Amino acid sequence: MDTIRIMLLVLTVMTIPLRLDALQEDDLGKVTYDRWCSECHGVDGSGNGSAAGFMLPRPRNFTLAQYQIRTTASGDLPTDQNMLDAINNGAPGTAMPAWDDLLSEPEKQALVQYLKTFSRFFPDDEVPQSLDFGGSTRTSEEVVAEGRRQYEAIECWKCHGDQGRGDGESSPTLVDDTGFPAAAADLTENWFFNGGDDVEDIYRAIRTGLDGTPMPNFSDVLDAGVITEEELWAVAHYVRSLSPEEVPGISEVVQARLIEDLDVPRSVADEIWNETEGVYIPLVGQIIVQPRWFNPRVDGVWVKAFHNGEDISVMVRWSDPNNSPDQAWSDWKSQVVTTMEPKEGGDTGIGASPDQLVVQFPMQMPEGMERPYFLKGDSRRPVYLWEWKSDRQTALEGEARGVGTESFQAEGQDLSVEGVHKDGQWQVVFTRPLLTEDENDLDFITGEAIPMSFFAWDGDNGESGNQGALSSWYFLMLEEATPTAVYVAPPLAMLLAGALGLLMVRNAQKREKENI
Amino acid sequence: MLVLKKIEKLAAFTLVGSLLMVGCGGADSSDSAGSSSAASEATAMENPVDPSTAGNIVGSVAFEGSAPAMDAIDMSGESVCANKHSGTPMVQTVVVNDNGTLSNVFVYVKEGSAIDGMQFPTPSAALLDQDGCVYSPHVMGVMVDQEITIRNSDGLLHNINATPTEQRGFNSSQPVTMETSQDFGTPEVMIPLRCDVHGWMTAYIGVLTHPYHSVSDGSGDFSLSTLPEGDYVVEAWHEQYGTQSQTVTVTAGGTADVTFTFSADMANAVVPMGTPVDLHDHSLVTDQQ
Numbered sequence: 047m048d049t050i051r052i053m054l055l056v057l058t059v060m061t062i063p064l065r066l067d068a069l070q071e072d073d074l075g076k077v078t079y080d081r082w083c084s085e086c087h088g089v090d091g092s093g094n095g096s097a098a099g100f101m102l103p104r105p106r107n108f109t110l111a112q113y114q115i116r117t118t119a120s121g122d123l124p125t126d127q128n129m130l131d132a133i134n135n136g137a138p139g140t141a142m143p144a145w146d147d148l149l150s151e152p153e154k155q156a157l158v159q160y161l162k163t164f165s166r167f168f169p170d171d172e173v174p175q176s177l178d179f180g181g182s183t184r185t186s187e188e189v190v191a192e193g194r195r196q197y198e199a200i201e202c203w204k205c206h207g208d209q210g211r212g213d214g215e216s217s218p219t220l221v222d223d224t225g226f227p228a229a230a231a232d233l234t235e236n237w238f239f240n241g242g243d244d245v246e247d248i249y250r251a252i253r254t255g256l257d258g259t260p261m262p263n264f265s266d267v268l269d270a271g272v273i274t275e276e277e278l279w280a281v282a283h284y285v286r287s288l289s290p291e292e293v294p295g296i297s298e299v300v301q302a303r304l305i306e307d308l309d310v311p312r313s314v315a316d317e318i319w320n321e322t323e324g325v326y327i328p329l330v331g332q333i334i335v336q337p338r339w340f341n342p343r344v345d346g347v348w349v350k351a352f353h354n355g356e357d358i359s360v361m362v363r364w365s366d367p368n369n370s371p372d373q374a375w376s377d378w379k380s381q382v383v384t385t386m387e388p389k390e391g392g393d394t395g396i397g398a399s400p401d402q403l404v405v406q407f408p409m410q411m412p413e414g415m416e417r418p419y420f421l422k423g424d425s426r427r428p429v430y431l432w433e434w435k436s437d438r439q440t441a442l443e444g445e446a447r448g449v450g451t452e453s454f455q456a457e458g459q460d461l462s463v464e465g466v467h468k469d470g471q472w473q474v475v476f477t478r479p480l481l482t483e484d485e486n487d488l489d490f491i492t493g494e495a496i497p498m499s500f501f502a503w504d505g506d507n508g509e510s511g512n513q514g515a516l517s518s519w520y521f522l523m524l525e526e527a528t529p530t531a532v533y534v535a536p537p538l539a540m541l542l543a544g545a546l547g548l549l550m551v552r553n554a555q556k557r558e559k560e561n562i
Numbered sequence: 441m442l443v444l445k446k447i448e449k450l451a452a453f454t455l456v457g458s459l460l461m462v463g464c465g466g467a468d469s470s471d472s473a474g475s476s477s478a479a480s481e482a483t484a485m486e487n488p489v490d491p492s493t494a495g496n497i498v499g500s501v502a503f504e505g506s507a508p509a510m511d512a513i514d515m516s517g518e519s520v521c522a523n524k525h526s527g528t529p530m531v532q533t534v535v536v537n538d539n540g541t542l543s544n545v546f547v548y549v550k551e552g553s554a555i556d557g558m559q560f561p562t563p564s565a566a567l568l569d570q571d572g573c574v575y576s577p578h579v580m581g582v583m584v585d586q587e588i589t590i591r592n593s594d595g596l597l598h599n600i601n602a603t604p605t606e607q608r609g610f611n612s613s614q615p616v617t618m619e620t621s622q623d624f625g626t627p628e629v630m631i632p633l634r635c636d637v638h639g640w641m642t643a644y645i646g647v648l649t650h651p652y653h654s655v656s657d658g659s660g661d662f663s664l665s666t667l668p669e670g671d672y673v674v675e676a677w678h679e680q681y682g683t684q685s686q687t688v689t690v691t692a693g694g695t696a697d698v699t700f701t702f703s704a705d706m707a708n709a710v711v712p713m714g715t716p717v718d719l720h721d722h723s724l725v726t727d728q729q
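Those protein sequence lines, which keep their order, are chains P and W. Position 41 (the first sequence) corresponds to 87 in the working numbering; numbering is contiguous. Position 46 (the second sequence) corresponds to 486 in the working numbering; numbering is contiguous.
Calculated directly from the structure, the hints in this document are not laboratory data. Keep in mind that a hint or two might mislead.
Simulated restraints, written as ranges between beta carbons of each label pair [unchecked claim]:
1. W:Ser-703 / P:Thr-384: 25 to 31 angstroms
2. W:Gly-682 / P:Arg-166: 22 to 28 angstroms
3. W:Ala-512 / P:Glu-390: 33 to 39 angstroms
Computed from a predicted structure; not experimentally measured. Note that CB positions come from ideal geometry on N, CA and C, so glycine has one too.
Produce the complete structure using the sequences and hints provided.
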């Protein structure tokens, strides 16, 4: 009798750790999800977490099992690896962060299994199959040119625009499967591509589409023999070529090159602008003061500058699909405004708002490193502003001592401007004398690191007032004229060196003769 | 033995069926041609319904009130499509016919114990055309696993974005004049389709396990033919005005006449989308009886 009891006890004890293990694995997925994911994706996985209203695109609804980033056919379920990749890499350009270093490997694995439990579409037995993409072809000028031809032939431009900036004719009416506005990707910013920035990622997006969004798959076109795999790869290479080769690094300083004896470029069309790459400055939504804005259209600006010792020209360019206000985008605007939380008394979606850009400088050069508060300064350290609007031909100079205190000079303007909208891009050139008579204008002194920052609004994206995008402080540095000494000293040194050399050779020759 | 019996039964049906077709010859030549071609393709399975005891449902969809004004579609960006339309193309959400009836209403058998468990042959491919930047037809019905040929007659980029809820969808591109094939494996009323390139292009497909579906035409008429005798719940679905259902009794050789009436007041109706169709659920039939 005792033996049986002991055996039973042993058996029971042996099973306990096993069951605990099983429990833990199940729990780990749920615990991880509830802790890190539910705020946005909802406890029930429906994508309706408490923060969802602040986001566009909305968080993924896991109950539909619709995943954008897949190596599987359109409409098919993703592979485990696809889901793991999405967790690891996040979704650039959206609120979804990369969890690569934030979660442990077991947590991520458990999460993938837990996400599947939200949808009845995940079967137990069927393993989703990845499509065969063939190998990437090598890129070349010819391949990119072929890709451009195909980009036109299969009409990618209908949504993405002729130059790929998401400004195609169909772009204002695009919605996702849940009816929320869905912007066509700006193909010139591959660092914001959902699903990855390299040519393989682009090819995958073309072949399998982005389910749940307007982006269709092009595998069916391939299967129908309308296009070859090589031609589709060429499209991917062309799309890749629209973005810089390297993701723009963070550069703190915009150099204004000195062009002596030349007028500064006052027009967007001036070819001298092509001589410099420019500096990329990222922008984010203004979410500090009410009304806040969580859905900025302008996610970065490119800045270039030239000066000639008398005047300075600063060119700012950024992607914006249209010149607001534009009737074609009025539905888009009201949809965005009604979609976005919070309603803090911002743009109602009624009425027209222009696109805007404000360049901000300190009113006086700060001593040391202390700069004005980046949100329009304060009473102690006011800021000096350049304001451009798409519905006005002039730029205004202004000042502010905090948000809401902006005032702009009506007369005595020293600032001129040209703004051109083309192919989904604004190019705005500001020109001003380095020194002005106005004491509230900042004097631009060469060789100094002048703090500079940016505010941008897309009117037809529902942006105006405090609801727009902004950057932190960067620096504008005007190149100093080369001192005269630079032109005198080197030739002098060369002459001296030459003379010395000659002297040495002579001496050597002399000694040689004496030895003979 | 069981298999043999089935084959005998099928042979009998085929015989009766072909005799019947001969008998009806000339009455509706297009109809009989259609069914004979379908029958020749579906060699694996014959229609299990005995036509000698079957009946039909015919009817129309009336519309009350004033027809809402539909927006004109701006096709100025697609001259190829704009040129295919003689007048201004209008949004197809509500199409009220000249005789005051309503077009594009999907009418189908929702419940009916007489067809429970019956296996119907899968008809040949149904055509969904994109012509003049509109879907043609705007509303259609198919059977589970029935091939749907999606054709691009415009030769410019369309995408077909199907968003069912009961099954997996697809989003397929057609940048040139071409055809692709799709099918749905699960019954569902209705599956919305849209073209994202042309935001006004929408279509709806109803997927059923049986062939008893119809769409009200330009005269508001619909018909469901060769139904076994019995009681049916027939539902009429409209994309703006929601659904209505009636219990209809079909007698052997009889034709039941049914009229559905939608009105302009129903504009805010809840429009069911992605409802699974379960013929085994008789709650509605018993409720109404």
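Hints, verified against the model:
In this structure the hint that Ser-703 of chain W and Thr-384 of chain P lie 25 to 31 angstroms apart at CB holds, the actual value being about 29 angstroms. Gly-682 of chain W and Arg-166 of chain P have their C-beta atoms about 26 angstroms apart, which keeps the hinted 22 to 28 angstroms range intact. The hinted range of 33 to 39 angstroms is satisfied by Ala-512 of chain W and Glu-390 of chain P, whose Cβ atoms lie roughly 37 angstroms apart.
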